[in-house]
Structures are given as C-alpha cells and as structure tokens.
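J.: One letter stands for each residue in the lines below.
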Amino acid sequence: GAVVSQHPSWVICKSGTSVKIECRSLDFQATTMFWYRQFPKQSLMLMATSNEGSKATYEQGVEKDKFLINHASLTLSTLTVTSAHPEDSSFYICSARLVSGNTIYFGEGSWLTVV
Amino acid sequence: EDQVTQSPEALRLQEGESSSLNCSYTVSGLRGLFWYRQDPGKGPEFLFTLYSAGEEKEKERLKATLTKKESFLHITAPKPEDSATYLCAVQEHSGYALNFGKGTSLLVTP
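Chains as they are written, first to last, in our numbering: chain A, 1 to 115; chain B, 1001 to 1110.
For the record, the hints were derived by calculation from the structure and aren't laboratory data. One should not assume that every hint holds.
Calculated lysine-lysine pairs in the BS3-like style (CA-CA distance at most 25 Å, straight line) [to be verified]:
id: 1; chain 1: A; residue 1: Lys64; chain 2: A; residue 2: Lys20
id: 2; chain 1: A; residue 1: Lys41; chain 2: B; residue 2: Lys1102
id: 3; chain 1: B; residue 1: Lys1079; chain 2: A; residue 2: Lys41
Some chain A residues judged to face chain B by a derived CB distance under 10 Å, without partners named [unchecked claim]:
id: 4; residue: Cys13
id: 5; residue: Gln38
id: 6; residue: Ser43
id: 7; residue: Met45
id: 8; residue: Thr49
id: 9; residue: Glu59
id: 10; residue: Gly61
id: 11; residue: Val62
id: 12; residue: Arg97
id: 13; residue: Ser100
id: 14; residue: Phe106
id: 15; residue: Gly107
id: 16; residue: Glu108
A short list of chain B residues far from chain A (calculated; beta carbon distances all over 10 Å) [to be verified]:
id: 17; residue: Pro1008
id: 18; residue: Lys1069
id: 19; residue: Thr1076
Quantities reported herein were computed from a predicted structural model and do not represent experimental measurements. For every residue, glycine included, the Cβ atom is placed at its ideal position computed from N, Cα and C.
Work out the full structure: start from the sequences and follow the hints.
T.: See the structure below:
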C-alpha cells in the first residue's frame, strides 16, 4: 500500500484563489519532505525541500510567497498555492524520505487546474 | 548542462524481448542513484537505490547496475504490464533531494 498519501488527488480552483495540498507519510516519520511539479510529458522538477520545524528551502526560480510550504509535524507537509493563475495548473507531487535506509517514497500526486 | 541524461527517450519492445535503459550522470559527489517507475497520471513508484560503483540490485524482471558515470536498468523478458516511464534520479552528498532525468517511456507489446 501507499506509504505517502496526498490529498486532494485533483482540484479545480478559480483564478486568484488559494488551494492547499496535503502530503502525509504513513507509518513513518519524515523529517524531510520534498515538493515537485511535473508538466505533461516532462520530468519532475524540484520546487522545495520541506524540513520539519523550520523554513522550507526553495529552488531557484520558485516564488516562496506564492508556494507556501508548511511542515508542522513529522508526518505532514502542506503546499499552498496562493493567488493561483492558469499557468500554475500542473501535477504536484510530494515525497518523503525514510531516514533509515534513505528510501524516498512519492505520493500519488495532485492535479491542479486553475480556471 | 544536464546532470542526469536518460536514453533512449522512448523504447518499444515485443513481449519477451530483453533490453536495457541507460542513465548517465554528472555530479560532484554521488550519495545515491534512484530508479522509479511512473505510470501515467500517477506518482513515481520506488524501484531501487544504488550507492556505489559495481553495486547491482534485482526485482522480478528488473536489474539495476551502477558505474562511476552511468546506471543501467536491465529488463529481462518484459511483459506488457512493464509498460511505463522509468525515471532515474541522482542524490548528491550535499543534500537529500533528487534530481531527475527526463525518463524513458517503455512500451511492451504482446
């Protein structure tokens, strides 16, 4: 079964509104989680690294005020897309690192469509 | 310059026709090299992590190998259900995030 759960699986929102995506690690604690986005037929692009109890580290070109990341517990990280625009429509995927063994599991992804 | 280059971009095989996928990488210090399988519209499914040159890992019809410059994913006697995109990613010593290649789209026909 899935070890990383994402919710919602898909969401449609109006332009200018905000939407939150949750990423939960199941059965293990994740001090570090990662957020990626993937455009059709392209690979995964790292957006930010989410560390429990501290500020996220964003990749170059990713607006931290637009993509708010919160990692408030060892099993939950959230990504909030603020003031969403149609160009933010994408497939957002989170992953969590299993500390023992360094395995990194991915969630099922969340499809965001901004209309 | 891309750190991770996968080839071929797409591969079509007959059922039972074995082949290999390539992942070439350029990093200053490799912590680990990861292989994932991704089905359309889904998140990547973990397959293997390799840490040092010469290391090999197997899972059913898949076998991953690692050298200092590249990794191969060998698929032996593939079945149609092996059809997917196979992603390679590197993890550097400087952190734990993964840097992905563009993937190889594999289609296995009956």
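J.: Now, for every hint given, state plainly whether the structure supports it.
T.: Each hint, compared with the structure:
As the CA atoms of Lys64 of chain A and Lys20 of chain A are separated by approximately 14 Å, the hinted pair is consistent with the 25 Å bound. For the hint pairing Lys41 of chain A with Lys1102 of chain B, the CA-to-CA distance comes to about 9 Å; that is within 25 Å, so the pair holds. Restraint check for Lys1079 of chain B and Lys41 of chain A: the C-alpha separation of about 23 Å stays at or below 25 Å, so the hint holds. Hint status for Cys13 of chain A: violated, given a least beta-carbon distance of 19 Å to chain B, over 10 Å.
Among the interface hints, the one on Gln38 of chain A holds; its C-beta lies about 9 Å from the nearest C-beta in chain B, closer than the 10 Å criterion. Using the Cβ-Cβ criterion of 10 Å, the hint placing Ser43 of chain A at the interface with chain B is satisfied: the shortest such distance is roughly 5 Å. A least Cβ separation of about 8 Å between Met45 of chain A and chain B falls short of the 10 Å threshold, and the interface hint therefore holds. Hint on Thr49 of chain A holds. Least Cβ distance to chain B is approximately 5 Å, under the 10 Å limit.
Because the smallest distance between the Cβ of Glu59 of chain A and any Cβ of chain B comes to about 8 Å, under 10 Å, the interface hint for this residue holds. Here the hint on Gly61 of chain A is broken, as its CB sits about 15 Å from the closest CB of chain B, past 10 Å. For the restraint placing Val62 of chain A at the interface with chain B, the shortest Cβ-Cβ distance is roughly 13 Å, beyond the 10 Å limit, so the hint is violated. Using the Cβ-Cβ criterion of 10 Å, the hint placing Arg97 of chain A at the interface with chain B is satisfied: the shortest such distance is roughly 6 Å.
A least Cβ separation of about 13 Å between Ser100 of chain A and chain B goes past the 10 Å threshold, and the interface hint is therefore violated. For Phe106 of chain A, the shortest C-beta to C-beta distance to chain B is roughly 4 Å, which falls under 10 Å, so the interface hint holds. Because the smallest distance between the Cβ of Gly107 of chain A and any Cβ of chain B comes to about 5 Å, under 10 Å, the interface hint for this residue holds. For Glu108 of chain A, the interface hint holds, since its Cβ comes within 10 Å of a Cβ in chain B; the closest pair sits about 5 Å apart.
For Pro1008 of chain B, the shortest C-beta to C-beta distance to chain A comes to about 15 Å, beyond the 10 Å cut-off, and the non-interface label holds. No beta-carbon of chain A comes within 10 Å of the beta-carbon of Lys1069 of chain B; the shortest separation is about 20 Å. Remark: the non-interface label on Thr1076 of chain B is consistent with the geometry, its nearest Cβ contact in chain A lying 24 Å away (cut-off 10 Å).
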